[in-house]
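Once you have looked at the hints, place chains B, C, D, E and F on chain A.
6 protein chains.
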Amino acid sequence: MFSEEKIPNGFVKNIMDINFSNSQRAEVLTQALPYIKRYTGKIVVIKYGGNAMTSPQLKKQVMEDIVLLWLIGVKVVLVHGGGPEINELMERLGKKAEFIDGLRVTDRETMDIVQMVLAGKVNKSLVSMLEAKGGKAMGISGMDGNLIEARIKDAKLGFVGEICNINIAPVSDLLEKGYIPVVSTIGCDKEGNAYNINGDTAAAHIAGAIGAERLIMMTDIAGILTDKNDPSTLIPEVTVREAEKLYGQGIISGGMIPKVNCCIEAIRRGVKDVTIMDGRIPHSILMELLTDEGAGTMFVGDRN
Amino acid sequence: MFSEEKIPNGFVKNIMDINFSNSQRAEVLTQALPYIKRYTGKIVVIKYGGNAMTSPQLKKQVMEDIVLLWLIGVKVVLVHGGGPEINELMERLGKKAEFIDGLRVTDRETMDIVQMVLAGKVNKSLVSMLEAKGGKAMGISGMDGNLIEARIKDAKLGFVGEICNINIAPVSDLLEKGYIPVVSTIGCDKEGNAYNINGDTAAAHIAGAIGAERLIMMTDIAGILTDKNDPSTLIPEVTVREAEKLYGQGIISGGMIPKVNCCIEAIRRGVKDVTIMDGRIPHSILMELLTDEGAGTMFVGDRN
Amino acid sequence: MFSEEKIPNGFVKNIMDINFSNSQRAEVLTQALPYIKRYTGKIVVIKYGGNAMTSPQLKKQVMEDIVLLWLIGVKVVLVHGGGPEINELMERLGKKAEFIDGLRVTDRETMDIVQMVLAGKVNKSLVSMLEAKGGKAMGISGMDGNLIEARIKDAKLGFVGEICNINIAPVSDLLEKGYIPVVSTIGCDKEGNAYNINGDTAAAHIAGAIGAERLIMMTDIAGILTDKNDPSTLIPEVTVREAEKLYGQGIISGGMIPKVNCCIEAIRRGVKDVTIMDGRIPHSILMELLTDEGAGTMFVGDRN
Amino acid sequence: MFSEEKIPNGFVKNIMDINFSNSQRAEVLTQALPYIKRYTGKIVVIKYGGNAMTSPQLKKQVMEDIVLLWLIGVKVVLVHGGGPEINELMERLGKKAEFIDGLRVTDRETMDIVQMVLAGKVNKSLVSMLEAKGGKAMGISGMDGNLIEARIKDAKLGFVGEICNINIAPVSDLLEKGYIPVVSTIGCDKEGNAYNINGDTAAAHIAGAIGAERLIMMTDIAGILTDKNDPSTLIPEVTVREAEKLYGQGIISGGMIPKVNCCIEAIRRGVKDVTIMDGRIPHSILMELLTDEGAGTMFVGDRN
Amino acid sequence: MFSEEKIPNGFVKNIMDINFSNSQRAEVLTQALPYIKRYTGKIVVIKYGGNAMTSPQLKKQVMEDIVLLWLIGVKVVLVHGGGPEINELMERLGKKAEFIDGLRVTDRETMDIVQMVLAGKVNKSLVSMLEAKGGKAMGISGMDGNLIEARIKDAKLGFVGEICNINIAPVSDLLEKGYIPVVSTIGCDKEGNAYNINGDTAAAHIAGAIGAERLIMMTDIAGILTDKNDPSTLIPEVTVREAEKLYGQGIISGGMIPKVNCCIEAIRRGVKDVTIMDGRIPHSILMELLTDEGAGTMFVGDRN
Amino acid sequence: MFSEEKIPNGFVKNIMDINFSNSQRAEVLTQALPYIKRYTGKIVVIKYGGNAMTSPQLKKQVMEDIVLLWLIGVKVVLVHGGGPEINELMERLGKKAEFIDGLRVTDRETMDIVQMVLAGKVNKSLVSMLEAKGGKAMGISGMDGNLIEARIKDAKLGFVGEICNINIAPVSDLLEKGYIPVVSTIGCDKEGNAYNINGDTAAAHIAGAIGAERLIMMTDIAGILTDKNDPSTLIPEVTVREAEKLYGQGIISGGMIPKVNCCIEAIRRGVKDVTIMDGRIPHSILMELLTDEGAGTMFVGDRN
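Chains as they are written, first to last, in numbering that gives the first Met the number 0: chain A, 0 to 303; chain B, 0 to 303; chain C, 0 to 303; chain D, 0 to 303; chain E, 0 to 303; chain F, 0 to 303.
No lab work stands behind these hints, which were simulated from the structure alone.
Nothing false has been slipped in among the hints.
When chains are identical, the list treats them as one kind, so a pair holds in a single copy or across two.
Below 25 Å or equal to it, Euclidean Cα-Cα: the simulated DSS-like pairs (lysine-lysine) are: (1) 189 x 36; (2) 152 x 258; (3) 189 x 176; (4) 41 x 58; (5) 189 x 41; (6) 258 x 155; (7) 36 x 176; (8) 189 x 58; (9) 176 x 135; (10) 41 x 135; (11) 189 x 135; (12) 59 x 189; (13) 258 x 41.
Chain A extracted, bound-state conformation (with noise of 0.2 Å):
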């Protein structure tokens, strides 16, 4: 699984030494029935990427966790990223990496490596993870069907772009045939250039567009802390407007501020529930969607 040091507080390091009776798994199976009930039938949208896809074990209990959801009637999109991967083929060919307030120049070369490593690999990889499993899948990317269609952000960032339009025809196609749409944020526009695309930012805008019920957004953090150094000091649930107060404070800063606004962009697109998941933790996403425990801080729209 993962190395000891890394496991947050509180959770059992070892659960594959417990052994169920097959009576106390029917027991299990029964209390994830009203989670289970509030969920078939419904989307979700999991953004998946960064380091919790790194470790193998870990992305396979995803992928796991996600043809079970699939399986008991839940309509899952995944939207994944590849940051690490592009950067080994970007060393591997000799790019050297250049960035703008933390935004990565994005030259032609670099478009066609970040579309290959994407769309050709980590999108194809997590197709077979999930057939494999038994699940059936379809990997796309923001080109097809036009799907996401953006514009140059900033000219002297290159291809990197920005969202004009969401066609969510091709992902609810796919949701309509049975598939498991497997989305690599590449975006185009009219003339067919292709576009790099914040993966989170894309995964807000898709699970707007889609009327998903919740977006799950994975990460390698246990969520938004009080004190970054305790685990203890996790925040479960903010509204919008309290979000809005932790920016004032400072608890919200430096990489999470991008992330948080995806949040809170993808609430004022109609979605109910987002939620920053630690990845790092094993079936989290069950967790999550399947027990009472949440794991990871929970953002919803402000009451009244």
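Leaving out everything else, chains B, C, D, E and F in the frame of chain A:
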């Protein structure tokens, strides 16, 4: 639950004592994945009746199991009897039960009682329990939509019917509309007369006509035992041909004979697996379908 | 048919005496053409109960009328009560009926009896008669598919329920599949408790929820009479506003009040025409719907 | 039925003289119930033409009958001829009719006249009468959607066509959309030439291709009579084999031969019952289909 | 084709002389791509009549154009007139035409002639030409399915009708089933009387009711010319407001007035573009729809 | 376009020089009518790859042709390879290509490169070009939806796969939803391993499985030439049996052998016509499908 002396050997006495972490729960759910995959979209007919139906606690668990199966995409048809309740009302009305060769002589008044108890009381009680658990159920009888066409079996038995035809449309229409059909085994003829139909027989005929993947006969015995008094002699699986030999050896005898006959009949009508299952074990249906452990004796077609 | 003294004034005493030539029959059929055209594809809810249901001969004719309407494309929903049969079983079981303000105190045991008689006996008997006449019927109760959600009306009345919601899907699903839904008016709550629901009220609510063209309340009175003792003073049609005046004038009084209230409720819920019809007249439904002659009093919305 | 002096010449003077009570009407309607049940959803092809079409009063009644059948769910296809109207227009245009072996020599000008009279006048007049009675009709010819593909039968007859193929889609498309298809029997070839097609033959082919339950040939004779001059010698039903014997005996002769040939052809093409019916009797279609009395001679397949 | 003196200025006299290589053909096809994309799946109503319909060669080309549009996915509705053919038959029948204010007095006999010529001859001739070119067409009139409901416009004109309602279902049903509907503009009333309806008016109403993208009025003039005698003064596009000014200036006058009125009426009923097009130019429909060149005058809604 | 020296003999050098009048364009369009009629609604699989894919100008024209076919109702499936791009990336990554019997040894790292280039770069580039031309395309690989199930062909070749099964649903689902499926020929096995699949073979298998009318293999040769150096010796059409003879005669040899094998394989799997077509000729697909001129060699089933 149920009193200790009734618990078959080898079962955990009080599973409620154990607290599962959510992480463990998630693990259990993913382990059910291949089983869910196998049964989702398939039709499973469950015959429920007799003493297995008398404990409110067990009844509640059986209903939970059925709703869970329904939620994960299994098409469940629930066929029920209700002997004990019939006896009770007859007694209260001062009707004396009369039997010929183990079959209840059913005059018109008795038939009215059977109909009221089964279609009016037991059926609706099961429906409302399924709905209270979150299922969508509709209770019908073999008279509705001419589901079970019957004729007199033997004049001296009165309105005891033998099935002459199954019109499966009422059951398949309800499945198509997403309901759990709950069926009282009352038949009728073209003139509108009602008939008392043996529940096991009806379940076998319905399972065959609907093309069920599995028929589960819930009873209050452990299954077929080589030595009636030793639960450890349970025969977990028999082919039709092997079952026929067991009659000769006296291992299948007495009240087991008609039940086993129904199982074989169902196999002959195309049902893949038929199981005589111990309904006194909590969540035995889930264990049978969603874990690697069976409960009771499974009948399968002859291998050749 | 029925004994002479019961025949309302002005009706042919023995229509069976007349022999029709086939040429005449054909003529009659073509004259029904504009009426058939008006109702084909429309939903007509018929409330059937009380003494109108006690004559087997009349019952047979009502069923014939319903099957005919169904055959020519009218979507009939049959809602039934069954007071006399309930009384009979209670008596046989030695239960004494107790009433408060005309409403039967319904303890759990009484509720069981109500359920058994309505959903088990009366419902299935109507279903089998409809099928014997060539119709395709399915009998359900307000518990099936949560059709009638109810709550306690008044604690001292026990399980007498008031309707808090109608989930019309079970009825519309059956209509869509081509069945005549036959509905016992038993409600239930989320906990699965059954409630005794007034049949007229339930019919009014169901007719409104399903968007019925007409609601026909079959009773054993001629309709609203200005002079209760003079059938020639029948009021053939009233608007809601006019009906309200009749309360003041004492013309609508006693047992008629709740029935007329239900008619007005149905109009308010969007049913076009509601008719209190004399169920003792043979084929009164057909006469009402397929000829130029009405039977009883029709309630319509206020003009303007 | 009706008094003899009115049959068949001159027709019943006034069957309206008889006053039916609505109670009687209702009784008649319910007696039609089993007949309605038999034909609802079935396809009935009616060939209408010749002198049976000349009385406006009778025509109106035939249209009423068809609309009634349509309303109660019978799928009626009306195939019509129009010989007398063709003759009339030819005469007015000073065209002289020429016949070879009883078949009209059809030059292009004559074909134009046939087409104008059948598809322009008779067809639309029938359509508008059906619609005035409340039906939903659409009038097409054998040229529309290539319904009747034809070729020259005999060069010296000009545009007299023999059917080489039926493309039934135009008729079945209209039935599916709920229309009464009204068909003029004009054929066409791949080059777009129109052909004069015998109406009885076309009706037989269409009835076979559409899988009709019944084909009714409305004529102005009573049916097949053993003694042409004695209506009481009507043969009510014949098998194909029996019919063939009647040719030899000279009972089927003259103008009856091609008509009977068409009936037999229809039986061979799979139509269950084919009836030569006396169109001069009011409402003979309804009597034939919805009462226990037949009109004319019915052809059925050989029993064996 | 047509004689030289009829060819409008500026058109290639004999395009047949030019031999295209297949490579050129392919190039031309791809250049049509954006136009095809624009009209595929859209409804285009074409009014065809008058002298543009008299040349067999031109008629053949118009039918080719329509079949091509249909093949590439345009939903074409063909509305036709037939004045010259009506005149011809009237003459042959010795009927003298009488006019009041330019409208033909239409007694019942004249109406019969109109109906026979339009629905019987012209309609079926167009249908068979479309089918000979490979299209799938069905010819109906405004009487079929009550498409055009009409009433008497002016008693002294007889059966000249004004449209009181369009029931568009017959046209949309045929489009849905994949046919090219070919419509004769005859109306009818509830009593079944037929009415002579102006073809341009009917086309405008039908185009509005069906939600057509375009209405093309094929005529035998070049369009609206500022100077009637100078084809180079053609006005290619006008808004409704501009058109109204042209009336005042006398540029729209005489026979053009009712035609332009129909165009404006269609725009008011929601048709996007309405074009008066010169039907004498070969393939003018294709040029208008599938190239960058228009033919005639296009009416569009007022810009503001 | 392309440089003159590359133009095969006999082709117009610069078709752009010619200006077509719109009248001529219309004429050309109508002449395509019978060809459009033949292919509309049919499935055409196009294998595109090799050097025919390297000219951006030609690529643009091929995409135009495909979008045009799609617009006129042809169901196009585009299967692509990408050898040159794979070589390029390998070189850049310093991987040395190794071949055994002409097949590339594919270790896991090479497989990753193949996957990235085909599914990530080439596939998405084709998709975005199709969409820029107005088409609706979705790019998938043989891994998506388990489209191409493969296994190791020869252990020493590494991840070179041979097809063991085609699950055609992903392709037919996309066609049903109106997309142009663009397929990268990568296979996978149950464990999720990716395989390098020969593009021609995959195209033949997919064309057979989907029931394609035609399979077009776009290459950079003129077709099968009796004398390799003389384009005038092109064999326009061969049957399977004739093709087999050509092997013996050495006319099919070298690199042509596997390609011709694939053509024959496709014919055996039920594809009607398979064409080896010269992709260097502009709009060769349109010429082949929509004019009377073929391009290359067409394989057809044996006549007998």
